[in-house]
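The residues making up each chain are set out below.
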Amino acid sequence: MFAAFLVVASVSLSYGQGQPADQSVTASIRAARTAGVSETVLNRLMSLAADHRLEDDGVVRLLNFFQTVQTEDLPIDPFMGKIEEGLAKQIPLDTIAAVLGKKLEDYRFVRRVLTIKTEEQEISHQDLSRMVGSLDGGITREELARFIQEASAQDLSMLARATEILALLKQVRFNESLTREILFTGLRNNSLTQSWDYLARVVATAKRRQISDDEIARAARQALEANQPFGDFMAALGFTPRDLRHGPAVGRSAERNQ
Amino acid sequence: MSRKKDPSDQPFRDSSAKVENTAYENNENQDLLALKRLIYRMPDREAPAGLTESILSSLEPKTVPGWVRIYRWALRPRTVTFQPLKLVPAAMVLVLGLAIAFQFGPWRKDPGSMDPRQASLIPVTFTLSSPEAESVSLIGSFNQWNPAGHKMQQLGDRNTWALEIRLPEGRHEYAFLVDGKMVVPDQSSPFYQSDGFGNRNSVLFVSRDEPTNI
Numbered sequence: 160m161f162a163a164f165l166v167v168a169s170v171s172l173s174y175g176q177g178q179p180a181d182q183s184v185t186a187s188i189r190a191a192r193t194a195g196v197s198e199t200v201l202n203r204l205m206s207l208a209a210d211h212r213l214e215d216d217g218v219v220r221l222l223n224f225f226q227t228v229q230t231e232d233l234p235i236d237p238f239m240g241k242i243e244e245g246l247a248k249q250i251p252l253d254t255i256a257a258v259l260g261k262k263l264e265d266y267r268f269v270r271r272v273l274t275i276k277t278e279e280q281e282i283s284h285q286d287l288s289r290m291v292g293s294l295d296g297g298i299t300r301e302e303l304a305r306f307i308q309e310a311s312a313q314d315l316s317m318l319a320r321a322t323e324i325l326a327l328l329k330q331v332r333f334n335e336s337l338t339r340e341i342l343f344t345g346l347r348n349n350s351l352t353q354s355w356d357y358l359a360r361v362v363a364t365a366k367r368r369q370i371s372d373d374e375i376a377r378a379a380r381q382a383l384e385a386n387q388p389f390g391d392f393m394a395a396l397g398f399t400p401r402d403l404r405h406g407p408a409v410g411r412s413a414e415r416n417q
Numbered sequence: 596m597s598r599k600k601d602p603s604d605q606p607f608r609d610s611s612a613k614v615e616n617t618a619y620e621n622n623e624n625q626d627l628l629a630l631k632r633l634i635y636r637m638p639d640r641e642a643p644a645g646l647t648e649s650i651l652s653s654l655e656p657k658t659v660p661g662w663v664r665i666y667r668w669a670l671r672p673r674t675v676t677f678q679p680l681k682l683v684p685a686a687m688v689l690v691l692g693l694a695i696a697f698q699f700g701p702w703r704k705d706p707g708s709m710d711p712r713q714a715s716l717i718p719v720t721f722t723l724s725s726p727e728a729e730s731v732s733l734i735g736s737f738n739q740w741n742p743a744g745h746k747m748q749q750l751g752d753r754n755t756w757a758l759e760i761r762l763p764e765g766r767h768e769y770a771f772l773v774d775g776k777m778v779v780p781d782q783s784s785p786f787y788q789s790d791g792f793g794n795r796n797s798v799l800f801v802s803r804d805e806p807t808n809i
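In order, the protein sequence lines correspond to chains A and B.
In this text, residue positions in the first sequence follow my numbering: the first is 160, and each later residue adds one.
In this text, residue positions in the second sequence follow my numbering: the first is 596, and each later residue adds one.
Don't read these hints as lab results, they were simulated from the structure.
Don't take each hint at face value.
What the hints assert, rightly or not - Have a look at the derived ranges for each label pair, beta carbon to beta carbon:
id, chain 1, residue 1, chain 2, residue 2, range
1, B, E764, A, T274, 28 to 34 Å
2, A, H284, B, A696, 48 to 54 Å
3, B, Q748, A, D236, 29 to 35 Å
4, B, R761, A, E374, 17 to 23 Å
5, B, Q698, A, A194, 42 to 48 Å
6, A, D236, B, V688, 55 to 61 Å
7, B, E729, A, H284, 37 to 43 Å
8, B, Q782, A, S311, 54 to 60 Å
9, B, E727, A, E340, 43 to 49 Å
10, B, Q748, A, E340, 44 to 50 Å
11, A, N223, B, Q748, 16 to 22 Å
12, B, R761, A, T274, 37 to 43 Å
13, A, E335, B, Q782, 22 to 28 Å
14, B, Q782, A, E374, 41 to 47 Å
The structure displayed is predicted, hence computed values, not measured ones.
In this text, a Cβ means the ideal position worked out from N, Cα and C, and glycines have one as well.
Hey, can you work out the whole structure from these sequences and the hints?
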């Protein structure tokens, strides 16, 4: 942390010794710091600026953006990640800034919807990001808002998980009305626990095996109503973990080859 | 005991070389010559018996501190000669000793014991079929989208690129960066996320829990 502070301080100092444009970077760093942007984030941004040789006005723009995010008490990491991702993919800074702006609007939208739904209930940055991520996963703002309004919101972590699964099941073209039935059952029974994060993967594999959506939904509903472990749901569909492996191979090479 | 030679018998080098000196210097030289003649005309006497022994016995041997002797020894220059062939056995013994020390020494890393942070990570192997690619890197939320250090290796069939890395549990977004510029999602992953820039990132769920390790 101290090292990060030193880097940012030295960058601030070097900018402070430069031209008027540089001084605006220094001022923006100071303003972002005052707003509560962490030294780690500032350090990451200044390192990126150096690595990708960003112009001063671009750096100022990003710093001011971070200041806004911090002031609105939104998570900065997803925005920082998006900048890193954009630069790695050689996206022009103007485009990155536009994407950041849209993402910020998504965050504001989801928080507005949640405020209406839950009133005073606090939502963690992680759960908020998860819900916003479902918008990038293929569901529209209207679909998300309707789902949140209709869902039980006793536990916001479960609600966040449900929105994520909603988007993922849409990607594998699972019946939308059955999707809602499954998720609402889990939320109503408070049984959509962490292990159900993998529901979409099971559904994708089941569909490849020609298991019908109705059959999958029935097994899921039964497990969620009875608050059974996720493994029981998998077993009900006749799966072993080995059957479900798809995509990047998780686990040691030796284990996979056995 | 040999008879001392009278200095007046030989030319007095200084006085003869400096004839141009002042009268005062000449007088002084004369006095010196006279004094020397006087000394050399004195009768020789034998040293008293036992003088040498008494002088030697009065001299006590000097005791030098040990550290001074070591210091002097260390400072003394030496020449070492050796035959290279004769050094081979010594070198072999040294290498063998080091090998044993590294194998069984206290600093040897037990393969079973891993850094706790590493142990909590789960190995994941990514593959991409891209026979025409010159280079492929893995970028994702787990490496801050930085292609450096995550270059994939081309397998023997020359078609497939692969990389095994260790990831923490959870959800990760990733893509392949082909030839440093083209973003390619993982076709083997059924899930994706729009990146907002017009591409798709693949989505991966990593879990330690074996039943859901899918």
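Status of each hint after checking the structure:
The hinted window of 28 to 34 Å between B:E764 and A:T274 holds, with their beta carbons roughly 31 Å apart. Between A:H284 and B:A696 the beta carbon distance is about 51 Å. The supplied range of 48 to 54 Å therefore holds. Range check, B:Q748 to A:D236: Cβ separation about 30 Å, and the 29 to 35 Å hint holds. Distance hint check: the CB atoms of B:R761 and A:E374 are about 37 Å apart, inconsistent with the given range 17 to 23 Å.
Against the hinted window of 42 to 48 Å, the Cβ-Cβ separation of B:Q698 and A:A194 comes to about 56 Å, which falls outside the hint. Separated by about 57 Å at the C-beta atoms, A:D236 and B:V688 satisfy the suggested range of 55 to 61 Å. In this structure the hint that B:E729 and A:H284 lie 37 to 43 Å apart at CB holds, the actual value being about 40 Å. The supplied range of 54 to 60 Å is broken by B:Q782 and A:S311, whose beta-carbon atoms lie about 37 Å from each other.
A beta carbon spacing of about 46 Å between B:E727 and A:E340 agrees with the range 43 to 49 Å that was offered as a hint. The given range of 44 to 50 Å is respected by B:Q748 and A:E340, whose C-beta atoms sit roughly 46 Å from each other. Roughly 42 Å separates the CB atoms of A:N223 and B:Q748, a value that falls outside the hinted 16 to 22 Å. Distance hint check: the CB atoms of B:R761 and A:T274 are about 39 Å apart, consistent with the given range 37 to 43 Å.
Under the hint 22 to 28 Å, the C-beta atoms of A:E335 and B:Q782, about 25 Å apart, fit the expected range. Taking 41 to 47 Å as the suggested C-beta distance range, the pair B:Q782 and A:E374 does not conform, at roughly 27 Å.
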